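Asks: What follows is the residue order along each chain.
2 protein chains.
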Amino acid sequence: MTQASIITIGDELLIGQVIDTNSAWMAQQLNKAGIKVLRRVAVGDIWDEIWKALDEESKHADIILITGGLGPTADDITKPLLTKYFNGKLVVDDGALQNVKYIFEKVLDRPMIERNLKQAEVPDTCKVILNKRGTAPGMWFEKEGKVYVSMPGVPYEMKGMMDDYVIPELSTHFIFPHITHRTLLTAGIGESFLAEQIKDLENSLPTHIKLAYLPNYGMVRLRLSSVGFNRVAVEKEVQEYFETLQLLVKENLVTNLDEPMEKVTGKLLVARNKTMCTAESCTGGFIAHLLTTIPGSSAFYDGSVVSYSYKAKKDLLHVSKALLETKGAVSEEVVIEMAKGALAAIQSDYVIAVSGIMGPDGGLPDKPVGTVWIAVGNNNKIETQKLYFRFDRERNTQLTATNALNLLRKFILSDEVVTL
Amino acid sequence: MTQASIITIGDELLIGQVIDTNSAWMAQQLNKAGIKVLRRVAVGDIWDEIWKALDEESKHADIILITGGLGPTADDITKPLLTKYFNGKLVVDDGALQNVKYIFEKVLDRPMIERNLKQAEVPDTCKVILNKRGTAPGMWFEKEGKVYVSMPGVPYEMKGMMDDYVIPELSTHFIFPHITHRTLLTAGIGESFLAEQIKDLENSLPTHIKLAYLPNYGMVRLRLSSVGFNRVAVEKEVQEYFETLQLLVKENLVTNLDEPMEKVTGKLLVARNKTMCTAESCTGGFIAHLLTTIPGSSAFYDGSVVSYSYKAKKDLLHVSKALLETKGAVSEEVVIEMAKGALAAIQSDYVIAVSGIMGPDGGLPDKPVGTVWIAVGNNNKIETQKLYFRFDRERNTQLTATNALNLLRKFILSDEVVTL
Numbered sequence: 003m004t005q006a007s008i009i010t011i012g013d014e015l016l017i018g019q020v021i022d023t024n025s026a027w028m029a030q031q032l033n034k035a036g037i038k039v040l041r042r043v044a045v046g047d048i049w050d051e052i053w054k055a056l057d058e059e060s061k062h063a064d065i066i067l068i069t070g071g072l073g074p075t076a077d078d079i080t081k082p083l084l085t086k087y088f089n090g091k092l093v094v095d096d097g098a099l100q101n102v103k104y105i106f107e108k109v110l111d112r113p114m115i116e117r118n119l120k121q122a123e124v125p126d127t128c129k130v131i132l133n134k135r136g137t138a139p140g141m142w143f144e145k146e147g148k149v150y151v152s153m154p155g156v157p158y159e160m161k162g163m164m165d166d167y168v169i170p171e172l173s174t175h176f177i178f179p180h181i182t183h184r185t186l187l188t189a190g191i192g193e194s195f196l197a198e199q200i201k202d203l204e205n206s207l208p209t210h211i212k213l214a215y216l217p218n219y220g221m222v223r224l225r226l227s228s229v230g231f232n233r234v235a236v237e238k239e240v241q242e243y244f245e246t247l248q249l250l251v252k253e254n255l256v257t258n259l260d261e262p263m264e265k266v267t268g269k270l271l272v273a274r275n276k277t278m279c280t281a282e283s284c285t286g287g288f289i290a291h292l293l294t295t296i297p298g299s300s301a302f303y304d305g306s307v308v309s310y311s312y313k314a315k316k317d318l319l320h321v322s323k324a325l326l327e328t329k330g331a332v333s334e335e336v337v338i339e340m341a342k343g344a345l346a347a348i349q350s351d352y353v354i355a356v357s358g359i360m361g362p363d364g365g366l367p368d369k370p371v372g373t374v375w376i377a378v379g380n381n382n383k384i385e386t387q388k389l390y391f392r393f394d395r396e397r398n399t400q401l402t403a404t405n406a407l408n409l410l411r412k413f414i415l416s417d418e419v420v421t422l
Numbered sequence: 003m004t005q006a007s008i009i010t011i012g013d014e015l016l017i018g019q020v021i022d023t024n025s026a027w028m029a030q031q032l033n034k035a036g037i038k039v040l041r042r043v044a045v046g047d048i049w050d051e052i053w054k055a056l057d058e059e060s061k062h063a064d065i066i067l068i069t070g071g072l073g074p075t076a077d078d079i080t081k082p083l084l085t086k087y088f089n090g091k092l093v094v095d096d097g098a099l100q101n102v103k104y105i106f107e108k109v110l111d112r113p114m115i116e117r118n119l120k121q122a123e124v125p126d127t128c129k130v131i132l133n134k135r136g137t138a139p140g141m142w143f144e145k146e147g148k149v150y151v152s153m154p155g156v157p158y159e160m161k162g163m164m165d166d167y168v169i170p171e172l173s174t175h176f177i178f179p180h181i182t183h184r185t186l187l188t189a190g191i192g193e194s195f196l197a198e199q200i201k202d203l204e205n206s207l208p209t210h211i212k213l214a215y216l217p218n219y220g221m222v223r224l225r226l227s228s229v230g231f232n233r234v235a236v237e238k239e240v241q242e243y244f245e246t247l248q249l250l251v252k253e254n255l256v257t258n259l260d261e262p263m264e265k266v267t268g269k270l271l272v273a274r275n276k277t278m279c280t281a282e283s284c285t286g287g288f289i290a291h292l293l294t295t296i297p298g299s300s301a302f303y304d305g306s307v308v309s310y311s312y313k314a315k316k317d318l319l320h321v322s323k324a325l326l327e328t329k330g331a332v333s334e335e336v337v338i339e340m341a342k343g344a345l346a347a348i349q350s351d352y353v354i355a356v357s358g359i360m361g362p363d364g365g366l367p368d369k370p371v372g373t374v375w376i377a378v379g380n381n382n383k384i385e386t387q388k389l390y391f392r393f394d395r396e397r398n399t400q401l402t403a404t405n406a407l408n409l410l411r412k413f414i415l416s417d418e419v420v421t422l
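Those protein sequence lines, which keep their order, are chains L and B. Position in the first sequence counted from 1, then plus 2, gives you this note's numbering. Position in the second sequence counted from 1, then plus 2, gives you this note's numbering.
Extracted from the complex, chain L is given alone in its bound form (with noise of 0.2 Å):
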């Protein structure tokens, strides 16, 4: 089966200042188009480090994709030793030239000097890739079989060269088998005891199909993987498998599609032609971002107050100064007041409210760092959830939010259930 490797460059990604998501963005749509990745390999901006990862990488796979050290400073290596690396001399391609003279004239509208002009040049080795998102060319060699592509780190542009260049070219260089890979989202239940539901499944799986447990923030994911060159076969057997899988965690099954909890509950909305609010002290606006990351989220979001302040609570939340005083800003009764404040506010069906403690300070004898209430409903009936994470500021803020919008989500569906 034909495979990849992926080859990031920068000191960047070995010191730790920046997070590489691009080899997960591309390691998808390889995927989707039916090419394993093997590997994926980040080395610095160093001549021998990259050499040796070339060498290497094209030992263990047939496709090495490469991104990064394309910029138009002196730390970027990567296009004089791909010259190298396949034999040729830098030349000006007019395609290119042409492409940084329109990036600079018409999209940037900045004045272009002698350097950027440079990036027009390259090896006479490669077939040039155009990059309509911004001035460094693409490259693609091939030797002895294999296809190498180098494109820039900057995420935006090696997107647009991927889904334009280097996926459909891939596709008609090699024949690829179908992968397909199935995922469910549970929640509620630990790894362990999922396993245990599933283990007769899990034994009777053939080999070819491969079950993981992806457990994170109390929630678990299992994911169904196979792969073959009969496309409907592939499909009709993992589809039979994730059928049963899905009964076995039926209790805990919180959606068949590997989509996160934000898009479940959103989706849940618009089908029922809902709309919701937040009013979020202690997520600090994290939870109405999650629900806008999703595009056409305004058909089911109206919007948040985010209350961090008193004066805030106060103020466009309607709660009481005396609640605030003698309960607290997180308790019970003031995550009531600001459920039923932002509904009167902002008149959405339903409502999200949540007020706690993320830390690393803030934490009282009686509420400790990580103490959370959460209050969801509608104008009829508001529940609450008091809940206590051990984490760090990131991580209570990120459970917080998943954990409010399940209980939403299981409150709209039993919402259903009382008004049938």
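It should be emphasised that the hints constitute simulated quantities derived from the structure, not laboratory data. Fair warning: this is a prediction, and the values are worked out from it, not measured in the lab. Don't take each hint at face value.
With a straight-line cut-off of 27 Å between C-alpha atoms, the simulated DSS-like cross-links for lysine-lysine are [to be verified]:
{"no.": "1", "chain 1": "L", "residue 1": "Lys201", "chain 2": "B", "residue 2": "Lys120"}
{"no.": "2", "chain 1": "B", "residue 1": "Lys86", "chain 2": "B", "residue 2": "Lys148"}
{"no.": "3", "chain 1": "B", "residue 1": "Lys265", "chain 2": "B", "residue 2": "Lys252"}
{"no.": "4", "chain 1": "L", "residue 1": "Lys265", "chain 2": "B", "residue 2": "Lys313"}
{"no.": "5", "chain 1": "L", "residue 1": "Lys313", "chain 2": "B", "residue 2": "Lys108"}
{"no.": "6", "chain 1": "B", "residue 1": "Lys54", "chain 2": "L", "residue 2": "Lys54"}
Have a look at the derived ranges for each label pair, beta carbon to beta carbon [unchecked claim]:
{"no.": "7", "chain 1": "B", "residue 1": "Leu99", "chain 2": "L", "residue 2": "Pro82", "range": "50 to 58 Å"}
{"no.": "8", "chain 1": "B", "residue 1": "Lys129", "chain 2": "L", "residue 2": "Tyr219", "range": "29 to 37 Å"}
{"no.": "9", "chain 1": "L", "residue 1": "Lys276", "chain 2": "B", "residue 2": "Gly97", "range": "49 to 57 Å"}
Glycine included, every Cβ here is placed at the ideal spot set by N, Cα and C.
Given the coordinates of chain L, assemble chain B onto it according to the supplied hints.
Replies: Just chain B now, with coordinates in the frame of chain L:
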């Protein structure tokens, strides 16, 4: 110089289902301790691939840190593999067994099953690393002068082990040099122009000091790095070059620390004992989220109205219906009203308001996707800016947030000059 490789294990990394944030964090911690990371490799849950990665990385590096594949389910094969790789046999470790029991009984408060107890088994050829935050123990192996450490892939558990045991233990085992990085942030100037401005400095740098350019979201970070066994001399030399660098880019300098824009703006406010609020339409709470990721942000941040719907803009921010109908939500007039409405409702010293079209849908002939209006100001004065981004939803949102925070930062600085 002692060097490290990081091996991350998991199919999810190679199909792009999960973004690897562990490696970046680990690299940061290793750098702080004086350990240079040479390579990072990701491989799937495949016996031969993991084995090969161990063989290859130990050729390059003295320290091999491994994460992932230690869960209680059948897809996790790291532990049996390491048992064989280091010629050991699996035995129950008493400390690990007590820890599993403790975690289930005291922390999770959940019943335990046989499968969980299995997690206390470790190869008899390793030193066991206590996992205070989970059930899978870490493992420390030594072979031919190299150190191999295996940790769980769950970020929170891995981080605890690194801080409590791995970094201190490595620092006892090896003698590391001092690594220093100094980073500054510029805005409003392209990478090539920056390079021209500082080329004399760049050419005069000794070879052991590296200069790197990190362009991102309309800003460029510049980083100087050096390493050596004379801690004081290393710091002093880099500091001198760094001061020159700051002078050369002073027109565009945002901060001389490696910190994000939201932190720079937040610190400005704290220093002046002022607060801010936000009124967010298109960014959907993302600016609020960025500001509240900073521990202690309640000192300068009061809250946000995320007015995703027309209704929320009218009711919470008192934007006039007539204006929304004649000018549309994405207009200078509306974003000014939003800013004034938020100031009136939340009573902060400063405000940011944004309204735009993030895409992929919602564009209009005169307002294409990517059109954004920003307003920043206080009760005396509001300044506006119209921007036009050509990217995808995620990048448009991030660019809007960063530009808005930068605009407020400049407003606060100029506001001060006027006041004086």
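Asks: Checking one constraint from the list: CA of Lys265 (chain L) to CA of Lys313 (chain B), max 27 Å. Satisfied?
Replies: Holds: Lys265 (chain L) and Lys313 (chain B) sit about 23 Å apart, inside 27 Å.
Asks: Could you grab the alpha-carbon distance between Lys86 (chain B) and Lys148 (chain B) and see if it respects the 27 Å cut-off?
Replies: OK: Lys86 (chain B) and Lys148 (chain B) at ~17 Å, within 27 Å.
Asks: Check the hint pairing Lys54 (chain B) with Lys54 (chain L) against an upper bound of 27 Å on the C-alpha distance.
Replies: holds, 16 Å
Asks: With a cut-off of 27 Å on the C-alpha distance, tell me whether Lys201 (chain L) and Lys120 (chain B) pass.
Replies: Distance ~16 Å between Lys201 (chain L) and Lys120 (chain B) Cα, so the pair holds.
Asks: Keeping to a limit of 27 Å between CA atoms, is the pair of Lys265 (chain B) and Lys252 (chain B) held or broken?
Replies: It holds: about 19 Å lies between the C-alpha atoms, which stays within 27 Å.
Asks: Taking 27 Å as the top limit, are the C-alpha atoms of Lys313 (chain L) and Lys108 (chain B) close enough?
Replies: violated, 39 Å
Asks: Taking 50 to 58 Å as the hint, is the beta-carbon distance of Leu99 (chain B) and Pro82 (chain L) inside that range?
Replies: Hint holds: Cβ distance 56 Å, inside 50 to 58 Å.
Asks: Could you tell me whether the CB distance from Lys276 (chain L) to Gly97 (chain B) stays inside 49 to 57 Å?
Replies: holds, 52 Å
Asks: Assuming the hint says 29 to 37 Å, is it satisfied by the Cβ distance from Lys129 (chain B) to Tyr219 (chain L) or not?
Replies: Since Lys129 (chain B) and Tyr219 (chain L) have Cβ atoms about 31 Å apart, the given range 29 to 37 Å holds.
When held up to the earlier numbered hints, the structure conflicts with hint 5 and nothing else.
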